[in-house]
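The whole structure should be built from the sequences, with the hints applied where relevant.
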Amino acid sequence: MLEYTPDRRPTGGLRLPAHKEASTAQPIARGFVPRTLVLALQQHQGPPTTPVVRRGERVLRGQVVARARALRSAAVHASTSGHVRAIEDRLVPSVHAVHRTRCIVIDADGEDEPLPPGAGSAWPEDPEKQLKSIRDGGIVGLGGGVFPTAEKLGPQTPCKVLIINGVECEPYISCDDMLMREAAAEIVDGALIMRELLAAPECIVAVERDKPQAIEALLEAGRASGDASLRLADIPTIYPTGGERQLVEMLTGEEVPSTHYPSEIGYICQNVGTAFAVHRLVRAGEPLLSRVVTVAGDGIARPQNVETPIGTPIGELIEFCGGYRGDVDRLILGGSMMGYALPNDEMPITKGSNCLIAAARTEVRQDFSERFCIRCGNCGTACPARLLPQELLRAARDNDHALLDEFGLTDCIECGCCDVICPSHIPLTEVFRNAKFAHARYQRQEVFSAETQQRFRRHEERERADVQRGKDLQDQIRHEVETDEPARQQAIEAAIERARQRRSQDTDSE
Amino acid sequence: MRFDVAPGPHTAPIASVPITMRRVLYALAPAALAHVWFFGSGFAINFVVATVTALAAEAAVLRLRRRPTRVPLNDCSAIVTAALLSFAIPPLAPWWIPAFGAFCAIVVAKHLYGGLGRNLFNPAMVGYVVLLISFPAELTQWIPPRMGDLDYQHLAFLAHLSYSLTGALPTDVTVDALTRATPLDLVKEGLRSAQTYSEIRAGSLFGGIAGRGWEWINSFIALGGLYLLYTGTIRWQIPIMLLVGLLFPATLLWLFDPDRFATPGFHLFSGATLLGAFFIATDPVSAAESDRGRLIYGAGIGFLTYCIRTWGGYPDGMAFSVLLMNSAVPLIDRYTRPRIYGRD
Amino acid sequence: MAELMLVIIGAALVNNFVLVQFLGLCPFIGASRRLEGALGMALATGLVLTTASGISYLVDRLLLIPFDVEYLRLLAFILVIGAAVQLTEQMTRKLSPLLHRVLGLYIPLIASNCAVLGVALLNSTANRSLIAALFYGAGAAIGFGLVLALLAGLRERAEFADVPKPFQGHAIAFITAGIMSLAFLGFTGFVRL
Amino acid sequence: MLIGTVVLAGLALGLCAVLVLTDRLLPAGRDRVAEQVESLLPRIQCAQCGYPGCRPYAEAIAAGEADINRCPPGGEDTVRRLAEFLGREVVALDTTLGSASMNRVARIDEHNCIGCNRCVPVCPVDAVVGVQQTIHAVIAAHCTGCEICLAHCPVDCIDLIPRDA
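Respectively, the protein sequence lines represent chains V, E, R and L.
Going left to right, the first sequence walks through residues 1 to 510 as this note's numbering numbers them.
Going left to right, the second sequence walks through residues 511 to 854 as this note's numbering numbers them.
Going left to right, the third sequence walks through residues 855 to 1047 as this note's numbering numbers them.
Going left to right, the fourth sequence walks through residues 1048 to 1212 as this note's numbering numbers them.
Since the hints were made in silico from the structure, they are not lab data.
Quick caveat: nothing in here was measured; it's all calculated off a predicted structure.
Honestly, I wouldn't trust all of these hints.
Said to hold, decoys possible - Reference listing, derived: stretches of chain R covered by chain E, where coverage requires no fewer than 3 residues with Cβ under 8 angstroms from a Cβ of chain E:
{"no.": "1", "region": "874-885"}
{"no.": "2", "region": "1013-1027"}
Claimed, not checked - So the derived label-pair ranges between C-beta atoms look like this:
{"no.": "3", "chain 1": "R", "residue 1": "980", "chain 2": "E", "residue 2": "770", "range": "24 to 34 angstroms"}
{"no.": "4", "chain 1": "L", "residue 1": "1203", "chain 2": "R", "residue 2": "1023", "range": "44 to 54 angstroms"}
{"no.": "5", "chain 1": "V", "residue 1": "472", "chain 2": "L", "residue 2": "1198", "range": "53 to 63 angstroms"}
{"no.": "6", "chain 1": "L", "residue 1": "1203", "chain 2": "R", "residue 2": "959", "range": "42 to 52 angstroms"}
{"no.": "7", "chain 1": "R", "residue 1": "1024", "chain 2": "L", "residue 2": "1112", "range": "24 to 34 angstroms"}
{"no.": "8", "chain 1": "L", "residue 1": "1072", "chain 2": "R", "residue 2": "1024", "range": "36 to 46 angstroms"}
{"no.": "9", "chain 1": "E", "residue 1": "672", "chain 2": "V", "residue 2": "15", "range": "49 to 59 angstroms"}
{"no.": "10", "chain 1": "V", "residue 1": "100", "chain 2": "L", "residue 2": "1203", "range": "35 to 45 angstroms"}
Said to hold, decoys possible - To give an idea of the interface, some chain L residues facing chain V are shown, with a C-beta separation under 7 angstroms as derived from the structure:
{"no.": "11", "residue": "1089"}
{"no.": "12", "residue": "1090"}
{"no.": "13", "residue": "1091"}
{"no.": "14", "residue": "1095"}
{"no.": "15", "residue": "1171"}
{"no.": "16", "residue": "1172"}
{"no.": "17", "residue": "1173"}
{"no.": "18", "residue": "1191"}
From the three backbone atoms N, C-alpha and C, an ideal C-beta is built for every residue, glycine too.
In structure tokens, the structure reads:
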């Protein structure tokens, strides 16, 4: 396995303090079994799954509780054995915000009884069936995007490079780092399986330079795997080079067009956690039942990484890590840059939750007083998508949608760099998020207006056609009247003649 | 347990406007001390008068427009404007010169457009140009540096203060005795009257590279500038390109005809070159916004300064070229937008 | 050749028609609300300026002086300028209908632009060759166009500034133009004509 | 004196000749301004601007006869877009013309509809479905909220509800 450093400099981005020392001090805590499970039916980007269990039914660990129909989906499994208490709507954290969705609530019985060994299906040979079993194994992208892995590994544009993303550049999050240190061999094996499935000529594992133990472990595992074409790229510690688009530009120099996904131009990015899950599914036949979650922040007694069963309520996870310490100002799901604040801690951990920060008052932004923009351009320099946030801010506040298109609002990845570097403390990311909603509504209205114009044009054509048909009819009648006018005249006279003769016969007969 | 919900990135911002402005003031401090050391207390008096007028004018305008006065006042951008203005005007200027200059800068150039961040032109330069054009006499009353071997008369602090406030001079001293032309004036008049540059340089007011006293002040300014660059308060595009825009034609023409053109070193260390490069042109509000735009903006100021100094009527063209490029900024911004990621 | 360059720089920058000689102020303020309109106006006025200065110079040298009817100079020049404006009007209506609509009334108003008449008269009084007159007209056109584009850019940016009520609209435009003319005074003494 | 008038008359005639010549030579440019103006309007054909549809209103604006603030469904946004496109002053919206808005759709009250079929032909986008003697219905996805059918219903059973209700 060849280690190299890409010779490109990332565009924009910030060097942020990592805040990862506390959570990487001890190894991943394993063997945690929660008391209850709340399994959301939709824990991936795509259509929701349908439940296959009823209330009161007993389920075992690893048993499918919700089946996925389309390929663009992923099944949901019971992460521990127990009884299904109810199937109801609950508040569940998704990729961008908290939303209400149907969940299966299971009361764990504490035995954690697994399925009988023969139950798991063996790893099939034919690639089509392999994708189906990945989907039925509930494997999704664990980097935070929760895109169904089956659909991403499926046949579309031929894959040029498979990128295993272990960059993890956002502060506080360290689940990938610990996973790479402790399970490097499994990750490399999972990567090779995926590469075989995609028939990708190249495979690059990307790790940030500030994770030496992880790089060491991966190099060791890479040499052991004996695959020569595997490469490891160490990436400068600049946020947000971990984003798909930024990583593709960093590793290949090619820019993903703003209207496409990286997978559509041949670059498949998979998180190290996903590679590990694929390995577990193929080698041990075990579906995605748990994931490593970083629990960090000054408000936690024992910050650490925990292998958490999917569906564990956050409150129980925090209890496992020693509960809160001091006054916790904010509970953030995700990193301190792109994560969002949770209203309470009763919500469950989903497949996409990679980090939980119980932030004390000093760790998070307190004052939201905003000044005028002094056009210093720092945000433009820090923007990884090379946008001009100060112009976007002005267009958004003026809600001038043509200008928003021109300055590339839809290309904003909401990484938050411009917010952090702005000397006037303007909440730029929040402004852009709201502007995106308004912009989407504006675009829908434009499409609706164009359709209406078409419908009105068809309506007018049909009316003109009716009027035209009316005129044609009249012309036809007038034509007929003129051409056979003499014939009609004779017919009338003949009729009069007959009438006169009949009358004369009546008078003769009297 | 319930928590409060706040939007957006949770990391606290790492910069703020007051810190930026205060850093600029710290960077200017050594040069200000050198100015007082070489040219007497004139600078200090002007600075105090300008700052008081600037803050008073800002407070008055904000109260007149019923706007909160506490936040804008403590970002001390008005003090930075006053400081830059005091560097530009001669030490021996009556009190109403800095006062009127600061008034024009703050009220006309800044608050008529809506306050910090909205002004189109650099306030300090607008104030200075208004003074330069309306009161040319007072604006040329420069005094020679207080060097050991120079035997020019100098005013003590109290005499200076009384002249500034009342215009009255001690009995045996006249204004003409005190004032001397600046090195830039000497060079321009000398070259115009067919003297060769080396003859002019031989004059007593000239030190190692440029005007005596001024060399030191400008080196301290350069020091302050490097501090700003190091702390990231300003970025390298504008200062470097300004110096390139100025020194490139200077060296070219100097190599072409050393007698009729001043040396690049002289241009670098005289007049407001370094002050303009690190403090005036890098005013974020009136400068171009994208990095490419700043390259053009800086180079433009440097080149125009050189043209005005060599062929123009005024000794130091920095103020005029800053305003000229400020008026070109909207066009520069429109045509130097960075290419968005993923779009051709 | 250098002398011609000096004529252009002189007309465009040093004694700029709008900001130093204060000629042609009404279209300068009127047409500079939007940058596209301003660029269109700059082109139209530039076309009129160059053609009018050329033709008026010929009319002056070939018609007025031989028949020594120089007292009719003003009338003849107005005729020439009117024709040039009508020519520009036709071209904009045919080539870019949108620009014609955006500028609307301002194209015929070029005829009343004192910079255009100014160039024609200045050309005739100063004894210059035809080429110098054309360059002088071109310099005036460049100067007018440059300054109009600059002000349009500044005014578009001033729209976002929260200008106090009494200064909104044309007032802030005049103040901006005033500061620009301050800046252009830096060019005084540049060209010793 | 005579020479002066002759010179001026000659000059004037010469210039006119040139102008007539250029007028014929220049190619007639295609006038797409009306099309572009129409693409800025909401195009829901509500005719509340006083013109029978958006195209005639766009042509009137392009010709300079109509003012740019006569489009109720477009609101302030359309006025600003038209002002920016045509380089004119932004004028306050004329609110007396009507209150059509794309955020509302028509709904026929099934209890009162007598199947008179008068609303179907007047709907500019054929969003009302139904034949004589049957209860009619509005396709919400196609309805633009232009309020034209409201006036034609003899039993007044059509009312406007928010679009995403």
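Pairwise beta carbon distance, residue 472 of chain V to residue 1198 of chain L, judged against the given window 53 to 63 angstroms:
For residue 1198 of chain L against residue 472 of chain V, whose Cβ atoms are near 32 angstroms apart, the range 53 to 63 angstroms is violated.
The hint names residue 1173 of chain L as touching chain V; please verify it with the least Cβ-Cβ distance against 7 angstroms.
Nearest chain V Cβ about 5 angstroms off; hint holds.
Per-residue hint verdict: residue 1171 of chain L, partner chain V, C-beta under 7 angstroms:
Holds: closest Cβ of chain V sits about 5 angstroms from residue 1171 of chain L, inside 7 angstroms.
Could you check if residue 1191 of chain L really has its C-beta closer than 7 angstroms to a C-beta on chain V?
5 angstroms, holds
Does residue 1095 of chain L hold up as a contact with chain V if the rule is Cβ-Cβ below 7 angstroms?
15 angstroms, violated
C-beta pair residue 672 of chain E, residue 15 of chain V: status relative to the range 49 to 59 angstroms that was hinted:
Since residue 672 of chain E and residue 15 of chain V have Cβ atoms about 55 angstroms apart, the given range 49 to 59 angstroms holds.
Beta-carbon spacing of residue 980 of chain R to residue 770 of chain E - inside the hinted bounds 24 to 34 angstroms or not
29 angstroms, holds
Answer holds if the nearest beta-carbon of chain V is closer than 7 angstroms to that of residue 1089 of chain L; otherwise answer violated.
Hint holds; residue 1089 of chain L Cβ to chain V Cβ min 5 angstroms, cut 7 angstroms.
Just tell me: holds or violated, for the beta carbon distance of residue 1024 of chain R and residue 1112 of chain L against 24 to 34 angstroms?
27 angstroms, holds
Looking only at beta-carbon atoms, does the pair residue 1072 of chain L, residue 1024 of chain R fall within the given range of 36 to 46 angstroms?
40 angstroms, holds
Under 7 angstroms, Cβ to Cβ, is where residue 1172 of chain L needs to be relative to chain V, so tell me if that hint holds or is violated.
Residue 1172 of chain L check passes; min Cβ-Cβ to chain V is 4 angstroms, inside 7 angstroms.
Given the hint of 35 to 45 angstroms, check if residue 100 of chain V and residue 1203 of chain L actually sit that far apart at their C-beta atoms.
40 angstroms, holds
Going down the numbered hints, you'll see the structure goes against 1, 5, 14, while the others check out.
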